[in-house]
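With chain A fixed as given, assemble chain B onto it according to the hints.
Here's the letter readout for the chains.
Number of protein chains: 2
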Amino acid sequence: MKTYLECVPCLVRQTIDTARQVSDDPTMHDSIMREALSTIARADLSLPPPVLGGVIQRIARVTTGNDDPYRAAKQACNRIALTMYPELEQRVLASRDPLETALRLAVAGNIIDFAVHATVETARITESIEECLTAPISAQVLSNFRASLERARDILYLGDNAGEIVFDRLLVEQLPMEKTAFVVKGRPVINDVTREDAQVAGINDLVEVLDNGSDIPGTVLSDCSASFRSRFEDADLIISKGQGNYESLSDHEHEIFFVFRAKCQPIAIDTGAPVGSIVFRHRPRPV
Amino acid sequence: MKTYLECVPCLVRQTIDTARQVSDDPTMHDSIMREALSTIARADLSLPPPVLGGVIQRIARVTTGNDDPYRAAKQACNRIALTMYPELEQRVLASRDPLETALRLAVAGNIIDFAVHATVETARITESIEECLTAPISAQVLSNFRASLERARDILYLGDNAGEIVFDRLLVEQLPMEKTAFVVKGRPVINDVTREDAQVAGINDLVEVLDNGSDIPGTVLSDCSASFRSRFEDADLIISKGQGNYESLSDHEHEIFFVFRAKCQPIAIDTGAPVGSIVFRHRPRPV
Chain A
4 MKTYLECVPC
14 LVRQTIDTAR
24 QVSDDPTMHD
34 SIMREALSTI
44 ARADLSLPPP
54 VLGGVIQRIA
64 RVTTGNDDPY
74 RAAKQACNRI
84 ALTMYPELEQ
94 RVLASRDPLE
104 TALRLAVAGN
114 IIDFAVHATV
124 ETARITESIE
134 ECLTAPISAQ
144 VLSNFRASLE
154 RARDILYLGD
164 NAGEIVFDRL
174 LVEQLPMEKT
184 AFVVKGRPVI
194 NDVTREDAQV
204 AGINDLVEVL
214 DNGSDIPGTV
224 LSDCSASFRS
234 RFEDADLIIS
244 KGQGNYESLS
254 DHEHEIFFVF
264 RAKCQPIAID
274 TGAPVGSIVF
284 RHRPRPV
Chain B
4 MKTYLECVPC
14 LVRQTIDTAR
24 QVSDDPTMHD
34 SIMREALSTI
44 ARADLSLPPP
54 VLGGVIQRIA
64 RVTTGNDDPY
74 RAAKQACNRI
84 ALTMYPELEQ
94 RVLASRDPLE
104 TALRLAVAGN
114 IIDFAVHATV
124 ETARITESIE
134 ECLTAPISAQ
144 VLSNFRASLE
154 RARDILYLGD
164 NAGEIVFDRL
174 LVEQLPMEKT
184 AFVVKGRPVI
194 NDVTREDAQV
204 AGINDLVEVL
214 DNGSDIPGTV
224 LSDCSASFRS
234 RFEDADLIIS
244 KGQGNYESLS
254 DHEHEIFFVF
264 RAKCQPIAID
274 TGAPVGSIVF
284 RHRPRPV
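Top to bottom, those sequences are chains A and B.
Here the first sequence is numbered in my numbering, starting from 4 and rising by one per residue.
Here the second sequence is numbered in my numbering, starting from 4 and rising by one per residue.
Since the hints were made in silico from the structure, they are not lab data.
Where is the CB? At the ideal position from N, CA and C, for every residue including glycine.
Worth double-checking, as some hints may not be accurate.
Label-pair distances were calculated between CB atoms; the ranges are [stated by the list, open to error]: (1) L85(A) x E133(B): 43 to 49 Å; (2) D27(B) x D47(A): 19 to 25 Å; (3) V65(B) x K182(A): 57 to 63 Å; (4) E90(B) x S141(A): 26 to 32 Å; (5) G275(A) x E130(B): 27 to 33 Å; (6) E133(B) x L136(A): 34 to 40 Å; (7) A75(A) x R61(B): 41 to 47 Å.
Below 25 Å or equal to it, Euclidean Cα-Cα: the simulated DMTMM-like pairs (lysine to aspartate or glutamate) are [what the hints assert, rightly or not]: (8) K266(A) x D20(B); (9) K266(B) x E9(A); (10) K5(B) x D28(A); (11) K266(A) x D20(A); (12) K5(B) x D20(A); (13) K182(A) x E134(A); (14) K5(A) x D28(B); (15) K5(B) x D33(A); (16) K5(B) x D27(A); (17) K266(A) x D218(A); (18) K5(A) x D27(B); (19) K266(B) x E124(B); (20) K5(B) x E38(B); (21) K182(B) x D239(B).
These stretches of chain B come out as covered by chain A in the derived footprint (C-beta under 8 Å, 3 or more residues) [unchecked claim]: (22) 30-37; (23) 80-91; (24) 233-247.
Isolated chain A (complex conformation):
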């Protein structure tokens, strides 16, 4: 997906959030903002928004020397989500269709996204859970998902954000875990998951955890490590979680299930799904 004009004010707002997260110094905020604006003014907007998002995060890191500005916030999100986990796990196990329930809860966790809102509240997560448990999703895509899980030999689950990763764990537990690997970012960027979050969420104890070698808040293969690219190409099924992964892989040729909540107007235009709705899409494998 390209960077829409509407993505630009949002990237600028994200710059302010990050500047305040990395530093308390207004001179620093000013300097990060100006550098980000000059960069966007020269950027190739045919590239997906996470590319530019990644560049802005790098500007903030380089300007301040703070390598992981969202670390405390990510830890807080993981803690909140972990307190919810036991009850949610019970809900999955007691449900008529554990795979569908876990999928819906994984989407519910997608509300925890600092790229969209600078803060997240427990009440908002609880609301998201109830919304996602009842929102319409395609029965056809769900049926394709089951068939693909059965057929696949090598599944990659592309993780999204801290906190949300605990909700992803519910879904991972319903997958054929022996043939699944969970993918995290190569280094910290906004609140995207890294190896540390996978460890805290207990994903390490369930499946292999891979890092993609990149610091872009999405999955831009050209920025990933060679070893990750080769794993990606070998995989015969990708579960792509979150909007950043959709934005960067929506034009990619691979069997992919995209799972996220549509959070803004450009995504609504690109997917045809209203803002706030669940996007659960199947890109079949190329013939």
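Frame of chain A, contents of chain B only:
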């Protein structure tokens, strides 16, 4: 008032609105956006937001050769407001306190602002009228306002937007009209009022209409004509309508009554008034 960091994404969003207003060509949108971003990246943010807003509007005009992109929209707003005028005039005349009612209705019209929302709906205006007729305003400031109107020899009413100007007319009719002049912009910028709007709203038939010689969506004296600056300095009472005028005159030494609805977070921070509330402030004359 300085340009807050939060003003920047809003200015960028305003750029997109304007780009779409001036042209249907995506290449043109792209070029206006990039030029605006480079300009903001180099701008002096200690200046009030309308300065940068004016520069962005100039970029859009120069890029496309369209000198008055909001003309049709302004005409539509004037037409809508004029259909409301007779009933509103009756409300003023039948009210216990015509000056206060007219003042409240003038604030209600301040909801018609393309710098904040790209479109405006009749329903939203009607809602604004009911809100503003009952919202709290300071009895002390109102009492100062009456006293100042009585004492003043030379009053300038700084107009704001098209459509809104018809609501301003209700207030102008309650002022000592023989010593009042109504101020419009020197040339079109966004939906700010020009001589044409004053004519359509019938303000010309009531009081002298002055133009300030500037194309900034506010009142930045250094950008105004020498003749307007001299009229401004001679005036002993200024009625400053709208947020753009507040932003550019908030630090000015003059007796000014500011009248507008607070429309964004930076204004809420600067004035201490919550977003959506009526701001009716008195800056007494310097001693």
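Hints, verified against the model:
At about 48 Å, the CB distance of L85(A) to E133(B) agrees with the hint of 43 to 49 Å. Taken as a hint, the range 19 to 25 Å holds for the pair D27(B) and D47(A), whose Cβ atoms sit roughly 23 Å apart. Taken as a hint, the range 57 to 63 Å holds for the pair V65(B) and K182(A), whose Cβ atoms sit roughly 60 Å apart. Roughly 51 Å separates the CB atoms of E90(B) and S141(A), a value that falls outside the hinted 26 to 32 Å.
The given range of 27 to 33 Å is respected by G275(A) and E130(B), whose C-beta atoms sit roughly 31 Å from each other. A hinted range of 34 to 40 Å for the beta carbons of E133(B) and L136(A) is consistent with their spacing of about 39 Å. Between A75(A) and R61(B) the C-beta distance comes to about 44 Å, which sits within the given range of 41 to 47 Å. The straight-line distance between the Cα atoms of K266(A) and D20(B) is roughly 21 Å, inside the 25 Å bound, and the hint therefore holds.
Only pairs whose Cα atoms come within 25 Å are accepted, and K266(B) paired with E9(A) is accepted, the gap being roughly 20 Å. With a C-alpha separation of about 17 Å, the suggested pairing of K5(B) with D28(A) holds against the 25 Å cut-off. For the proposed pair K266(A) and D20(A), the alpha carbon gap of about 17 Å is at most 25 Å, so the pair holds. Among the hinted pairs, K5(B) with D20(A) is consistent with the structure: their alpha-carbon atoms are about 19 Å apart, no more than 25 Å.
Simply put, K182(A) and E134(A) have alpha-carbon atoms about 31 Å apart, too far for the 25 Å limit, and the pair is violated. Between K5(A) and D28(B) the alpha-carbon distance is near 17 Å, which keeps this suggested pair within the 25 Å criterion. The straight-line distance between the Cα atoms of K5(B) and D33(A) is roughly 13 Å, inside the 25 Å bound, and the hint therefore holds. Of the supplied pair hints, the one linking K5(B) and D27(A) holds, its CA atoms being roughly 19 Å apart against a limit of 25 Å.
Between K266(A) and D218(A) the alpha-carbon distance is near 22 Å, which keeps this suggested pair within the 25 Å criterion. Restraint check: the Cα-Cα separation between K5(A) and D27(B) comes to about 19 Å, which is no more than 25 Å; the hinted pair holds. At roughly 16 Å between alpha-carbon atoms, K266(B) and E124(B) fall within 25 Å of each other, so this suggested pair holds. In summary, the hint linking K5(B) to E38(B) is supported, as the alpha carbons are separated by about 22 Å, within the 25 Å threshold.
As the CA atoms of K182(B) and D239(B) are separated by approximately 11 Å, the hinted pair is consistent with the 25 Å bound. Here the region 30-37 of chain B counts 4 residues with a CB under 8 Å from a CB of chain A, which clears the bar of 3, and the coverage holds. As drawn, the region 80-91 of chain B meets chain A at 0 residues by the rule of a beta-carbon pair under 8 Å; below three, the given contact is violated. Counting residues of the region 233-247 of chain B whose C-beta sits closer than 8 Å to any C-beta of chain A gives 0, which falls short of three, so the coverage hint is violated.
Checked against the numbered hints given earlier, this structure breaks hints 4, 13, 23 and 24; the rest are met.
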